[in-house]
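Visitor: As a plain string of letters, each chain reads:
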Amino acid sequence: MKESNKIVMMLDDDHAILNSLEQLLTDRGYRVMPYDNAEDFFRGGLPDGPACLLLDNQLANGKTGVDVHQELQSRGWHLPTVFLTAHWNVSSVVAAMRAGADGFLAKPFEPADLLQAVDVALDHAVQHRQEQAKSNDARSRVASLTPREAEVVSMVVDGQLNKQIADELGLSLVTVKVHRGRAMSKLGAGNPAEMAKIASLGGLF
Amino acid sequence: MNQLRQMDQGRSANPGWEVARTVERLASERIAVLEAENAEMRKRIDRLEVALDAAGVGTWVWELGSKIPEWDFRMRMLYGLKEDEPPSIDAFLKRVHPLERKVAAHELEALAAGQADGEAGDVFQRDIRIMHPVLGERWISSIGKTERDDDGEICRLSGVNFDITDRKLAEEALHKSEEKYRRLQLLQSESRFLQLVEVAFEGIIVIDDGIILDANTRFAKMVGYDLSEILGSDAIHFVAPESRKLVGERIRNHDDRPCEFMALRKDGSVFPVLFNAKMREWDGHANWVIVLLDLSEIKRAKAKIAIQNEQLSQAMRLALASEISTGIVHQIGQPLTAMGVNLAVASGRFKACDMGSCNLKGALSRVEADIARMREVIRHLRVLATPMQREARLVAIGDVISDAIKQMRDEALAHGVSLVVDLKESLPVVWVDAVQMVQVFVNLIRNAIEVNVAGQQGNPSIRVRARELDGKMLEVSVRDRGTGLTPEVLNRLFSPYFSTKPGGMGIGLRLSQTIVHAHNGTLEGLNNTDGPGATFRVLLPIQSLEPDKN
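Protein chains in written order, with this note's numbering: chain A, 12 to 216; chain B, 4 to 553.
The reader is advised that the hints may include incorrect statements.
To be verified - Which residues of chain B face chain A? A few of them, derived with a C-beta cut under 8 Å, are:
| # | residue |
| --- | --- |
| 1 | Pro72 |
| 2 | Val332 |
| 3 | Pro338 |
| 4 | Gly343 |
| 5 | Asn345 |
| 6 | Gly351 |
| 7 | Ala366 |
| 8 | Arg369 |
Stated by the list, open to error - If you want the ones that stay clear, here's a sample from chain B, every Cβ over 12 Å from chain A, calculated:
| # | residue |
| --- | --- |
| 9 | Ile92 |
| 10 | Ser144 |
| 11 | Met265 |
| 12 | Ile335 |
| 13 | Asn362 |
In short, the hints are calculated from the structure, not lab data. All values reported here derive from a predicted model rather than from experimental measurement. Idealized CB from N, CA, C, for every residue including glycine.
Build the full structure now, drawing on both the sequences and the hints.
Guide: Printed below as a string of structure tokens:
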């Protein structure tokens, strides 16, 4: 199965592990971005395309995986992360999960378990991207509405009938219908329910 | 005489007169001699009287037949006899001091009856205390002699008396002051003795035939009784039943050699004592002075040290076991992970390939490399996993530091790093586990060597210093001239598996810290404020007790 647009980023100071994982994932068709230190990792930046991160918890020069994860979150990166660690005790697991880890594996792990964790993380990435896309789309659509149209949409979503809207806005029934029709098409909705969803997603209310 | 001379001149021719004249002459010669003797006698008596006067000596004579002794006037004066009062035995006795009157009367009777007071010869002497009617209390010395008649019976007593009041008073004063002095000496020595006895750390008792005659407060405290309960009681009551046989035998056999036994308190509890005694036989009694030292504190302290030693050993064992197992988990875990993945890669490729175009070589050779790596790690860990001796060998820390320096000199030399040693001559005694502590210093020195080489600051050198800090702590420091510690490194200095060295296992400092902590000390690493590089300091408490060498 070719998944060449799916990216697995890796941050681990152990080269043996980095190498072996790179081989494994590349064989599986993922695009791999290996790093052995945090500076290079951040300098490299987020790739385009759905990506996840395999993160060792014990890194060189004093950083832990949790530190790195916090840092990327503060940069606003959305990167589902799987923690890999040689020591696992309750406190380190809790720390990782609290930090929002998508997964947690203790070394040595079954390669099959790793692949599964990667799949799950990448699914999240894909999902996220899709939702982002939807949200962006909705936003631009909402932005394209005129103020009048926006008003009408709000009231329709509220459950008001055209007549009521006409009365409240002091418009003719026809005008209301026209605004409503244009708004629906701009929002790309087929019915009021859809309209409500898209409007909400787009931040109308 | 004139008449005779006249007669002589008128009648010189008559023969009768010649005889008469001869007789006259003889008579007058005789009279002259007698007169001369008389005069002589008078002179002697006068001289005697003068002497007696000067000496204040009175003379007396008592014919035993009569009741009245003859007293000269000095005697009369000595006894204060009035002008018209005749001397008599009664008058004498009346003047004798009331307390001595009876004895004096009795003695006189005995004398009169011829019973001289047992002493050889007939001379007797007595000091008599009298009450002089005018002068009051006086002392008289009476010396006398008995005279016996032809039948050997005592017929007469005679003698002298003289006043010895001054002498007596002086004697008494001297006696009193001597007595006072003696008493004071006694009191002082008594009080010193009491002080000694009371401040003694030991309980002290004096027993006589098994009964406690005396005891000091400490003993009372030791056995939990009041002194009043102790004095007069049988000493065996304070011996625990289990020791009674031993102590009983000791007492019976008059064996006062030191021994240990269990003593018994009022509340029934027992405690160990060291017994030390001096036994004297005295009048058929066995009189003991016994000193008892409560050994419970000492035994407790010994036990505590033994426990502490055991705990130290235990702590070391646990610390090392923990370090080793963590080491295994990490250092083996990593290569195993890689190996697992490589094998998965290999097997995946193997499945997907057709013969001839399998690229398994890379994956498999990486597996081999990882196996080799694990072998190295195991070897390294094996060094750490040396089986612990049953008891940690404790030595003074000075020896340990010297040992570590000796071990590392060559390595320092090989890296061109000079090793400066600053060890005070007399380091306070700190007992440490030799095997483990030497590793700490070797580790610190090795780190310093490596950082110096890496830092490449001119004049790479390390200073190892040991010194006492205000009497409570011993500081051993290893100072390097490397690049110092960055904040990130400082933060994780003692974290396990944190290493700034390529290929470093990252457990050296962690392990060193664990060992130092097990000795109740601290290990810290700080950048130098007065020059390049960093200093690692080991602080250990100075112990005052030497551990049991069991």
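Visitor: For every hint, state whether the structure bears it out.
Guide: Here's how the hints hold up against the structure:
Annotation: Pro72 of chain B was flagged as interfacial toward chain A, and the flag is violated, the nearest CB pair being 125 Å apart, outside 8 Å. Taking 8 Å as the C-beta contact cut-off toward chain A, the hint placing Val332 of chain B at the interface holds, the least distance being around 6 Å. A hinted interface residue such as Pro338 of chain B counts as satisfied when its beta carbon comes closer than 8 Å to some beta carbon of chain A; here the least separation is about 6 Å, so the hint holds. Taking 8 Å as the C-beta contact cut-off toward chain A, the hint placing Gly343 of chain B at the interface holds, the least distance being around 5 Å.
Against a cut-off of 8 Å between C-beta atoms, the interface hint on Asn345 of chain B holds, since the closest Cβ of chain A lies about 5 Å away. Interface hint status for Gly351 of chain B: upheld, as the beta-carbon distance to the closest one in chain A is roughly 5 Å, under 8 Å. Evaluation of the Ala366 of chain B hint against chain A yields a held restraint, the C-beta minimum of about 6 Å falling below 8 Å. At about 6 Å, the closest approach between the beta carbon of Arg369 of chain B and any beta carbon in chain A falls short of 8 Å, and the interface hint on this residue holds.
No Cβ of chain A approaches the Cβ of Ile92 of chain B within 12 Å, the least distance being about 122 Å, so the stated non-interface status holds. Its beta-carbon lying about 111 Å from the closest one in chain A, Ser144 of chain B satisfies the requirement of being farther than 12 Å from that chain. Here Met265 of chain B stays apart from chain A, with its beta-carbon at least about 51 Å from theirs, past the 12 Å limit. Residue-level check failed: Ile335 of chain B sits 8 Å from the nearest beta carbon of chain A, not beyond 12 Å.
Chain A draws Asn362 of chain B into its interface by the beta-carbon criterion, the shortest separation being 9 Å against a cut-off of 12 Å.
Hints 1, 12, 13 from the list above are not met by this structure, while the remaining hints are.
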